[in-house]
Structure formats: structure tokens, C-alpha cells
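Novice: If you want the building blocks of each chain, they are given just below.
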Amino acid sequence: MKNLLFCVVLFMMLASSSCVRLRWYHETFDQPIALSTYSHLREGQSNLTDCLAALGAPHWVRDYREEGVAVAYAWLDKTTLGFTASANFFRLAPAASFSFDNDDIEWPGIVLFFDSDLTLTEIRRGMLDDIRLPNERKRPSLVE
Amino acid sequence: MEPRPCDFNMKEANSPMKKTLSGLLAILTLTSLSGCLLDRTLVNEPLSPESIQQLSPGKTTAKEVVDLLGAPNDVVQLGKRTAYRYDSSVAKQAGLTLLVITFFNEDTRTDRLWVFFDEGEVLSHYGSTLSSHRPQYALPWEDVHSASDQTESDANRPGL
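Protein chains in written order, with this note's numbering: chain A, 3 to 146; chain B, 4 to 163.
In isolation and in its complexed conformation, chain A is listed as follows (with noise of 0.2 Å):
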């Protein structure tokens, strides 16, 4: 009796908000597109209609190099453990706490480049950080 006593204390102890949290957090952002979705385009004969046909919308549209354009399409599907722990020794320390989470997010995408003609000119797949191009130009926006 005071085994089971003892481990419904420790176990209350340990589920108060201040000691021991475990998470385990699922997150998920529109539905990741399939390599078989897009793979009938062809770099310098596909054009935008066929890209928007085969895609839908893009999350997001830029103008790239001279007159050309680039869209992007996004994704989520992110699983993220976590773990807390703390202690409050009072009047000895300030309060510690330690704690761990896996939830660096990173986009995955796909980036498709069209030239002034709207001809498809490159389709990259990845990290949308990465594939970005660098020359990309940023909107104008108002200086205030």
C-alpha cells in the first residue's frame, strides 16, 4: 500500500506543470506533390498552362531575370518530439529547466522557372531555402 501510494505521489509530482512534459506534435500544411504529378513536363516545351494544369495554384508567384517568371509550390509534413524538464530548488538555485525539440522547420517544394515567353526553363525539387535562386529579385515594397 505505501508502494502504490509513493508512485501515485511521484507520478502526480511529475505530471504537475512545472516537472516533466513529453510532446509529440504532427503538423501538416496542404498535400505534398508527387515526383509522377509533374514528371510529363519538359523543360523548353511545357508552358505555364501546362504547369498550372498539372499543379494547380502555386503558393507563391515572382518575377524572375528579365521579364520571366518563377512559382513555387509548398508543403508540411512535420513530426516533432519534445521533451521538458524542470525543477524549482527553492531558495537554493533559480528555477532549471532543460529541453529539447526537433522543430527547425524547413519547407519542402518544388521551384519551376519560366522565361519570358512562359516556356518552362527549369523544375527544381527540395528545400524551398535552398532552391531559390540567389539573383532572385525581392518585391518592392514601401519605405516608410
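Hint data in this document are derived by calculation from the structure and do not stem from the laboratory. Treat the hints with caution; some may be incorrect.
[Stated by the list, open to error] Derived EDC-like pairs: lysine to aspartate or glutamate, alpha-carbon spacing no greater than 16 Å straight-line: (1) B:Lys62 <-> B:Asp146; (2) B:Lys95 <-> B:Asp42; (3) B:Lys83 <-> A:Asp65; (4) A:Lys80 <-> B:Asp146; (5) B:Lys66 <-> B:Asp146; (6) B:Lys95 <-> A:Asp119; (7) B:Lys83 <-> A:Glu29; (8) B:Lys83 <-> A:Glu68; (9) B:Lys95 <-> B:Glu53; (10) B:Lys95 <-> A:Asp79; (11) B:Lys83 <-> B:Glu124; (12) B:Lys83 <-> A:Asp119; (13) B:Lys62 <-> B:Asp121; (14) B:Lys83 <-> B:Asp42; (15) B:Lys83 <-> B:Asp121; (16) B:Lys66 <-> B:Glu145; (17) A:Lys80 <-> B:Asp121; (18) A:Lys80 <-> A:Glu108; (19) B:Lys95 <-> B:Glu145; (20) B:Lys66 <-> B:Asp152; (21) B:Lys83 <-> A:Glu69.
Starting from the structure of chain A, add chain B where the hints point.
Specialist: This is chain B only, laid out in the frame that chain A set:
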């Protein structure tokens, strides 16, 4: 020495009581330290499939698009061309806390429409994706992209 008839065997007598007490404590602990959450977040009104079907490349003008769909969420200048973005999103969140572990799932789907205009402000291309009716309340281990679920939710959206 033989036990007398009135001797009380503590071990045997406590066994059912212990089980009942343990059960009650477990239920009490589980109920007092658990919680659940269901939430839905809507950003902009879902796009109308019927309105999108009225778009006609080579004919529809930018003014007609705005009359039909309202003010766009974004306008992008593409050299001499322009593109308007219309979008809407629905996110469904479900969470469950059991003692020390929290399970949480967020499923977000969007309706998107991009319309491209030539330099004469006539519609040249458009692309649409309508999926804001597909998000699900789920737990982290559930598949929210299953084809059967999508077919079922597509059937409930008029105009698709």
C-alpha cells in the same frame, strides 16, 4: 498453533479493496490530469468553384475578375504582366494531454487561385487549387492524406 475462527487475514481481506482503490486512484489521476482540445481556424472565405469556372483566358479582364472575386490578397508585378492571388485557409487542431504527454495535430489546407494578366490587363493564365474542405481533426499518428478521406470530403463540397 491453529488459527482461531475469529483471526483476520489482512492480506486476503485487503486484496479486493486494494484493487478497487488502485482503480479509483488511476481514474482520478487520469481524469484530473488530462485534457483535450479541438479548434478550427479560418482565414478568408473559401473560394467559390462556380466563380472560378467563369474565368476565361483571353477574354476576362482584370476589372471583371475583381468584380467577380473581390479584392485580391496579393498583387505581383511580373515585368509587364501582373498576377493576382486569392486564397483562403482552414486549419483544424486537435490535442490530447494524458498525464505528462501531449499529443497535438494541426492540419491546414488552402484554397488558392492565381490569375495572370498580360500587359493589356486581360487574363492570360489561371491556376486554382481547392482543398480548404479537406483538413481533419486527427491525432499525430493518423494519416490525414488518405485518398478515401479526400474523396469523401470532395463529394461534400458543391461545385467541385
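Novice: Has the given pair, Lys66 of chain B with Asp152 of chain B, been kept, meaning a C-alpha gap of at most 16 Å?
Specialist: violated, 38 Å
Novice: Is the Cα-Cα distance between Lys83 of chain B and Asp65 of chain A 16 Å or less?
Specialist: At roughly 10 Å apart (the allowed maximum being 16 Å), Asp65 of chain A and Lys83 of chain B satisfy the hint.
Novice: Is the Cα-Cα distance between Lys95 of chain B and Asp119 of chain A 16 Å or less?
Specialist: Violated, at about 41 Å.
Novice: Taking 16 Å as the top limit, are the C-alpha atoms of Lys83 of chain B and Asp42 of chain B close enough?
Specialist: violated, 43 Å
Novice: Between Lys83 of chain B and Glu124 of chain B, does the CA-CA distance stay at or below 16 Å?
Specialist: holds, 10 Å
Novice: So if I understand the rule, the pair passes when the alpha-carbon distance is 16 Å or less; does Lys66 of chain B with Asp146 of chain B pass?
Specialist: violated, 42 Å
Novice: Does Glu68 of chain A lie within 16 Å of Lys83 of chain B when you go C-alpha to C-alpha?
Specialist: holds, 10 Å
Novice: Given the proposed pairing of Lys95 of chain B with Asp42 of chain B, does the C-alpha separation stay at or below 16 Å?
Specialist: holds, 6 Å
Novice: Does Asp121 of chain B lie within 16 Å of Lys80 of chain A when you go C-alpha to C-alpha?
Specialist: With Cα atoms ~38 Å apart, Lys80 of chain A and Asp121 of chain B exceed 16 Å; violated.
Novice: Would the pair Lys95 of chain B and Glu145 of chain B pass a check requiring their Cα atoms to be no farther apart than 16 Å?
Specialist: holds, 14 Å
Novice: Just to be careful, I want the Cα atoms of Lys62 of chain B and Asp121 of chain B compared with a cutoff of 16 Å; is the pair within it?
Specialist: holds, 11 Å
Novice: Straight-line Cα separation of Lys83 of chain B and Glu69 of chain A no greater than 16 Å?
Specialist: Holds. Lys83 of chain B to Glu69 of chain A sits at ~7 Å (cutoff 16 Å).
Consistency note: the structure conflicts with the earlier hints numbered 1, 5, 6, 7, 9, 14, 16, 17 and 20.
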